[in-house]
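Number of protein chains: 4
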Amino acid sequence: MDLGPSERVKPLIDQVSQMIEQEIIPLEGEYFSEVPKDGRWTLTNRQLEILEGLKATAKDRQLWNFWLTDSERGYGITTVEYAYLAEEMGKSRLAPEVFNCNAPDTGNMEVFERYASPPLKEKWLTPLLAGHIRSAYLMTEPDVGSSDATNLRMSCIRDGDYYILNGEKWWASGAGDPRCAVYLVMVRTPTDKGKHRQHSMIVVPADTPGVTVLRPMEVFGHDDAPHGHMHIRFENVKVPASNLLLEEGAGFEVAQGRLGPGRIHHCMRAIGLAEAALATMCERSLSREAFGRSLHQLGANHDIIAECRIEIEQARLLCLKAAWMMDNASAKEAAIWISQIKVVAPRMALKVTDEAMQMLGAKGISQDANLAHQWINLRTLRFADGPDAVHRRQIARAELRKHTSERI
Amino acid sequence: MDLGPSERVKPLIDQVSQMIEQEIIPLEGEYFSEVPKDGRWTLTNRQLEILEGLKATAKDRQLWNFWLTDSERGYGITTVEYAYLAEEMGKSRLAPEVFNCNAPDTGNMEVFERYASPPLKEKWLTPLLAGHIRSAYLMTEPDVGSSDATNLRMSCIRDGDYYILNGEKWWASGAGDPRCAVYLVMVRTPTDKGKHRQHSMIVVPADTPGVTVLRPMEVFGHDDAPHGHMHIRFENVKVPASNLLLEEGAGFEVAQGRLGPGRIHHCMRAIGLAEAALATMCERSLSREAFGRSLHQLGANHDIIAECRIEIEQARLLCLKAAWMMDNASAKEAAIWISQIKVVAPRMALKVTDEAMQMLGAKGISQDANLAHQWINLRTLRFADGPDAVHRRQIARAELRKHTSERI
Amino acid sequence: MDLGPSERVKPLIDQVSQMIEQEIIPLEGEYFSEVPKDGRWTLTNRQLEILEGLKATAKDRQLWNFWLTDSERGYGITTVEYAYLAEEMGKSRLAPEVFNCNAPDTGNMEVFERYASPPLKEKWLTPLLAGHIRSAYLMTEPDVGSSDATNLRMSCIRDGDYYILNGEKWWASGAGDPRCAVYLVMVRTPTDKGKHRQHSMIVVPADTPGVTVLRPMEVFGHDDAPHGHMHIRFENVKVPASNLLLEEGAGFEVAQGRLGPGRIHHCMRAIGLAEAALATMCERSLSREAFGRSLHQLGANHDIIAECRIEIEQARLLCLKAAWMMDNASAKEAAIWISQIKVVAPRMALKVTDEAMQMLGAKGISQDANLAHQWINLRTLRFADGPDAVHRRQIARAELRKHTSERI
Amino acid sequence: MDLGPSERVKPLIDQVSQMIEQEIIPLEGEYFSEVPKDGRWTLTNRQLEILEGLKATAKDRQLWNFWLTDSERGYGITTVEYAYLAEEMGKSRLAPEVFNCNAPDTGNMEVFERYASPPLKEKWLTPLLAGHIRSAYLMTEPDVGSSDATNLRMSCIRDGDYYILNGEKWWASGAGDPRCAVYLVMVRTPTDKGKHRQHSMIVVPADTPGVTVLRPMEVFGHDDAPHGHMHIRFENVKVPASNLLLEEGAGFEVAQGRLGPGRIHHCMRAIGLAEAALATMCERSLSREAFGRSLHQLGANHDIIAECRIEIEQARLLCLKAAWMMDNASAKEAAIWISQIKVVAPRMALKVTDEAMQMLGAKGISQDANLAHQWINLRTLRFADGPDAVHRRQIARAELRKHTSERI
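Listed in order, the protein sequences are those of chains A, B, C and D.
Following full-length UniProt numbering, the numbering of the first sequence begins with 1 at its first residue and continues without gaps.
Following full-length UniProt numbering, the numbering of the second sequence begins with 1 at its first residue and continues without gaps.
Following full-length UniProt numbering, the numbering of the third sequence begins with 1 at its first residue and continues without gaps.
Following full-length UniProt numbering, the numbering of the fourth sequence begins with 1 at its first residue and continues without gaps.
Pulled out of the complex, with its shape left as it was, chain A reads as follows (with noise of 0.2 angstroms):
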């Protein structure tokens, strides 16, 4: 079990970060300080300026499209290997973007590659592999239970050689972007089969008549302009049938395999956040006095650090084998590895983001450091792509089979 970094990976991380900290960072204050009050959908000239030429460069080095693991057209580098590059570029709010490793098109992108028909890959996997458009992942309903994605029920009908949607999403992130361009939705196909098979994936265009964006949703109180997390209403929007993949009622195994690797992405990611805080909040405790003595000096701060540090091991340590179990293990087998880090990583970082924000007093929940944002970005995974709860049942379930022969 080689948990890594391997000799082929180590002068890439070493370009990734390096291009991040003097190239990226350098201009995130700026990208984001562009975002207008008003007319909030849009990237300005100068946005669009900083971030196609940063991918422009990236592309150039080759560095470009890491997270395509085990496809002919991707990297070719495994997950383990991936998991040390997604650390670095989780340290920069627009790195991942950069280097065309952001969520939610990583994820996207993986269905085309797995299960759209030529026809589809042709018209969405092109463009998105080349960063050209954006796409969002439609799954959440407002009105039902989504975590139990068996309750979701928007309807699809289908009409001839077409198909009739009719309902609502939200939590649709990237879908404010003005250069997204598709959607990714699940829908009810009702069959009489089993509960997991009442769903299927389907591809919309972004522009088909009888979708309305109704409103950005907020995430402690910010609209995450311009990407976003947006409603959608669906009225009689109307797709070829084509566009639907694999066949009716393969909704969930097509959304199982977008998960994995989004999930386990998001956790890598959450690591280097975490790894970024750990530093922030030494540097302050190194650099503060307050009742005679340096601030590390202070209190439980040894041990608020100490613990700090440990936690970030191992839940790199659990990312980089859940990672392994990637590479050389079923889905299946893989699928518990994913849950057991994706309940860990963001409460982890989530914990040491605190801690560091404690540390600077009230500093820390500034503009004036990076730590409030991080912690709001953070405290979305243990929702997204399912909550806490969810995961620990399926790790509960997975330990209880090993000792009874009976149906968990």
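Because the hints were derived from the structure by calculation, they are not lab data.
Backbone N, C-alpha and C define an ideal beta-carbon position, used for all residues, glycine too.
Errors might be hidden in some of the hints.
Computed cross-link-like contacts, DSS-like style, restricted to lysine-lysine with a CA-CA straight-line distance of at most 30 angstroms [said to hold, decoys possible]:
| hint | chain 1 | residue 1 | chain 2 | residue 2 |
| --- | --- | --- | --- | --- |
| 1 | D | Lys363 | C | Lys195 |
| 2 | B | Lys10 | C | Lys332 |
| 3 | C | Lys37 | D | Lys363 |
Some chain D residues judged to face chain C by a derived CB distance under 10 angstroms, without partners named [as the list claims (entries may be wrong)]:
| hint | residue |
| --- | --- |
| 4 | Tyr31 |
| 5 | Ser33 |
| 6 | Gly221 |
| 7 | Ala225 |
| 8 | Gly292 |
| 9 | Asn301 |
| 10 | Arg379 |
| 11 | Val390 |
Just the calculated beta-carbon pair ranges, DEER-fashion [to be verified]:
| hint | chain 1 | residue 1 | chain 2 | residue 2 | range |
| --- | --- | --- | --- | --- | --- |
| 12 | C | Gln297 | D | Ser33 | 44 to 52 angstroms |
| 13 | C | Gln297 | A | Ser405 | 54 to 62 angstroms |
| 14 | D | Arg8 | A | Asn328 | 14 to 22 angstroms |
| 15 | A | Ala329 | D | Ser242 | 50 to 58 angstroms |
Following the hints, position chains B, C and D against chain A.
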């Protein structure tokens, strides 16, 4: 040790809670949506209409200035009795000001009441008690570890009948409000006495020349306009020597007199927020279904609800005990109880709010619930009026002193 | 809501705590070292001399049977007042029995007092109140999940004027004591009513033929001789029908009447243990040095001490509130408060004791400190009278009922 | 970073785990029940027969001395490989000694191997490696805060070709065993060098005149006979000067060489215990019913099981990483990883064991389960070889050093 509620306060609790539920909360959405994208440090006519209308109603009903517990100017209720009212007020963002019981004004009025000369009282306390002006408290400085207040170093030099102030303060909450007319400022006035005799408290009219509001500090990305937490520069700010409270070197004495009530009022309101979050959590867990069962029947949800209930009750009782000590023991004895509840209440309310967010799913962190805003506000309380670690240190030292005659 | 201590109970607290400190604790070491390696289920003459001597002293001083709060036979104090006394008694292993306030006898006497016929009272309650005999409570069974008491299945069949009992009970605390003369036994007596009407409580003299003590149950390897937690078999045990309390099917009613007081008494004593552990921790942290500093100045020790103080105060207040509810509200209303403190007090006291052990180093878990024994005893309370999870379930259901009219 | 298990070690894991399950565990009950109530510091003939029989079998099968990883005398496996074997051995109380891999002998043999002269090796290491004698390590002293080993003060004065030792040591684990023939003793030998050059390590035959075993230290009331944790007095104990290892002042160097492996071996075994506890918990939760459902379906039990699985996996990975550092990096670099797992593994295993006890109900803390004994043994590991707080301090200082060139 009667922790109430007394017969006297019971009808007041009813009046306050009914007014909040029926008259204040219904206007909150409109009030806060009124804050303009530009010109944020103003109150619109509609905002003033709402706020002053509600204040007039409260004053008419003699639901006003409850917090002033031990003064002939005050309402004549005990701190224990006030705890029950403040808890109710905590459930609404607007309510504390409607009843003229909002931070930081109550603490500042407490200072004027206890330590100010009759002319200063006449000039500032009278309009504050009437709700005609607002005030700010300027303690924390950007350049020093302010959790140890002996570090504070804003310069204040005697010049004839005046003092000249130079330096910077930040996190001056309420100083963004256009009605904020006066600051209480902690300044350094070196003496040859001990380290707690090196500072003074001085009254500075907000419009004094040389005072510049540099920027609003953001709390998790929010500027809290029009209230605001301002970063303020003092350049040769000249105020009459009679504006200095008590005497040179009495700054810590004044600050302690202010901070005790200020701290516990925050805690009382935090308990109200926690109750609101638990109610939200229960309602959601009863109304949603997943995996074929009502949400409350799933996983650890019963345990989560039970632990929240337990923590709220424990915090409330500790808060009432601290309030009782304020009413019945010396300030020094009460201080250690205030420190205890100051550690407990924000942490408890944060936990309950976080669990509620998780129970609601992504809705819980969106604009469709109050929880995200509530969480952010509560998070600031782990710094405000002293970080947790400083309070724990005080509690521990008091505990150790029971077992030794040595200086701890 | 007066949570005391009342003027009436203050001198009693002094008398009780002084007698414990000066007269009881000095004899404890000798008392427990007297337990012979063989013949453990006897009391030696010296043990009886110590115990009966102390009991006689307590009785003489009218420090006796405080627990019986709401009976004319009782002491006439409230449950709130008793809480202060029981906390003191908790600090000594021998003290509760010295004052005739020990488990399980107080709970059993409560049952006789409330539910027994005059002849049964005369035969058993009178000598129990006098401290002449001891008793045991037989509830839990080895073969069923007894945390759900509806699972209990000891058979009890009417046979003319008698009942015939068959089955096994274990964890019959106190049944090892040679003075234990009577058992209260929960038995199954099926009816056609609901699941909480299938059981009865019956009085069984310990010397009834067919009763066999199989073995002592060990608690972390200790048999707690001569008290003991016995595993007992019933084979055709024949008792008069008049020994059945109230009526067939009333077992749960009787059990609930017993368990409320029993549970809270354990909690009161646990708080006393926690106080003792915190004192031990503080003394050690003041008297030891490492790395050139006093132990209390190192690492997180201030924080640990502060958190222990906070948790103790919160638990004590919650315990007093639960006691106040027992004095002032219905049994049903009080039950949910008892469940809360039943979850909190053992957990809190375990944590404080564990922290104290850690502060003492290896001495803390050795015979040179009381902490290890204390920890073990406290650990049993997370099962005794219902495991934590069952109490949390009750608390959650009560909370949810506030928000729905449906059956929860 | 290959964290295994290697192909080479896989068959060894199978052999070791099968022998434990099929040959060792079946004899454990008899072995430990043999300890006589009097004369506890002997091994009965039957005990010797069991133990030496199993050892002979293990030796025959070349399942012996795995722990000696980097010596030509050793087994030739890596520390990573050994981790997998030690985890299995941890599941049985007798297994470590059967494979001659038990504490404290492995640590002591490590010292002889690395630091002893050829004659000392011949005299003590040879019979230790053969399993013919046992040894003890005497570090901790009753009168000083031994977590800071610079406090140790057993006197050791040169007298010609001899040293004369005076003082007391306690918690000499294994010194109760009648086969324990030799002690490694940390003594104070003052020099004019730094504080870590004031001590030495010296070899003392157990039968040297002046050595008196005062008493066994009890662990939660147990003396762990015949192994024992002895309190030993040295009165003018005279040993040849050549028994001092390396040189005067090298005590810390020797101790560190010993403690690294000793610490991680404890952790490896603790992980095995945690796995056993989780299995017990799962089996119980599948086989018991309450409230009409299988125990595992109730309350937070799925969450508890999942969190235990997660914590075990994280601890195992961290342990393997620390082992890998021992194999691949300097002792100094590895030390910080050993400190991390030393904090994590006992805490994790205690938690899992505690949850298992709770899931089993009162049975879980009785003689009918192994959990109580296991919990007690694990609790000692939070002190053994350095308390948690000291390890956290080391970890924090290493972390801070990454951010400053100043001395931390």
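Each hint tested on the structure:
{"no.": "1", "hint": "D:Lys363 <-> C:Lys195", "verdict": "25 angstroms, holds"}
{"no.": "2", "hint": "B:Lys10 <-> C:Lys332", "verdict": "24 angstroms, holds"}
{"no.": "3", "hint": "C:Lys37 <-> D:Lys363", "verdict": "24 angstroms, holds"}
{"no.": "4", "hint": "Tyr31", "verdict": "16 angstroms, violated"}
{"no.": "5", "hint": "Ser33", "verdict": "13 angstroms, violated"}
{"no.": "6", "hint": "Gly221", "verdict": "6 angstroms, holds"}
{"no.": "7", "hint": "Ala225", "verdict": "12 angstroms, violated"}
{"no.": "8", "hint": "Gly292", "verdict": "8 angstroms, holds"}
{"no.": "9", "hint": "Asn301", "verdict": "8 angstroms, holds"}
{"no.": "10", "hint": "Arg379", "verdict": "6 angstroms, holds"}
{"no.": "11", "hint": "Val390", "verdict": "8 angstroms, holds"}
{"no.": "12", "hint": "C:Gln297 <-> D:Ser33: 44 to 52 angstroms", "verdict": "48 angstroms, holds"}
{"no.": "13", "hint": "C:Gln297 <-> A:Ser405: 54 to 62 angstroms", "verdict": "58 angstroms, holds"}
{"no.": "14", "hint": "D:Arg8 <-> A:Asn328: 14 to 22 angstroms", "verdict": "19 angstroms, holds"}
{"no.": "15", "hint": "A:Ala329 <-> D:Ser242: 50 to 58 angstroms", "verdict": "57 angstroms, holds"}
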